[in-house]
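Asks: Protein chains in written order, with my numbering: chain A, 1 to 111; chain B, 1 to 113.
Careful, some of the hints might be misleading.
[Said to hold, decoys possible] The calculated lysine-lysine pairs, modelled on DSSO-like cross-linking and capped at a C-alpha distance of 30 Å, are:
1) LYS13(A) to LYS2(B)
2) LYS42(B) to LYS108(B)
3) LYS56(B) to LYS112(B)
4) LYS13(A) to LYS42(B)
5) LYS2(B) to LYS56(B)
6) LYS105(B) to LYS56(B)
Derived from the structure by calculation, the hints contain no laboratory data.
Each chain, written out:
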Amino acid sequence: EAGVTQSPTHLIKTRGQQATLRCSPISGHTSVYWYQQALGLGLQFLLWYDEGEERNRGNFPPRFSGRQFPNYSSELNVNALELEDSALYLCASSLATDTQYFGPGTRLTVL
Amino acid sequence: QKEVEQNSGPLSVPEGAIASLNCTYSDRVSQSFFWYRQYSGKSPELIMSIYSNGDKEDGRFTAQLNKASQYVSLLIRDSQPSDSATYLCAVNANGGSQGNLIFGKGTKLSVKP
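Let the sequences and hints guide you as you build the complete structure.
Replies: Printed below as a string of structure tokens:
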């Protein structure tokens, strides 16, 4: 069974640009979570989507947004990129709110 | 603010020894507890989940939970150099109603051959 997939693996942007990151959950999982892991920091919760709806968001500014599609895949958009947005962005999926399984991540670098 | 605390390490153990990793959490409502392993530059990989007080064993790994003390631990028996990684403790936020997990910053384990 395929795990959580994310694309792209790496993304390089400049300040002020927009970044779009994509995630496909494990088949049958309806919940998708996004986390940010900046260098030297722990995983910080960004967003939770379930059944196409945003259910909860972490303490991040509105320029971090996303959506979940009818096939449960998800997209994270980061607008007006800042240098401190450079991080590993991790997507996880779960069945309901049970155990979360992580994808390989997207490494975003903002220059 | 809900927190999960871990000793950052590094924790260094010889090959074949028992590695003991500890974690405390502040949210008494938490119901689900997880240990993830993260190799440098990689994503977290689930090792164990535990929901009830007591011990849960899976191969060389044993998770221990004490909700009264708000404490969860992970024991790794017969440690191998391949176990060298950062171990993340996570708890579900607000009993799971918020969906997300709250992570500790991780304990770096080094197993010396």
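Asks: For each hint, tell me whether it holds in the structure or not.
Replies: Cross-check of the supplied hints:
no.	hint	in the structure
1	LYS13(A) to LYS2(B)	violated (33 Å)
2	LYS42(B) to LYS108(B)	holds (14 Å)
3	LYS56(B) to LYS112(B)	holds (26 Å)
4	LYS13(A) to LYS42(B)	holds (21 Å)
5	LYS2(B) to LYS56(B)	holds (25 Å)
6	LYS105(B) to LYS56(B)	holds (23 Å)
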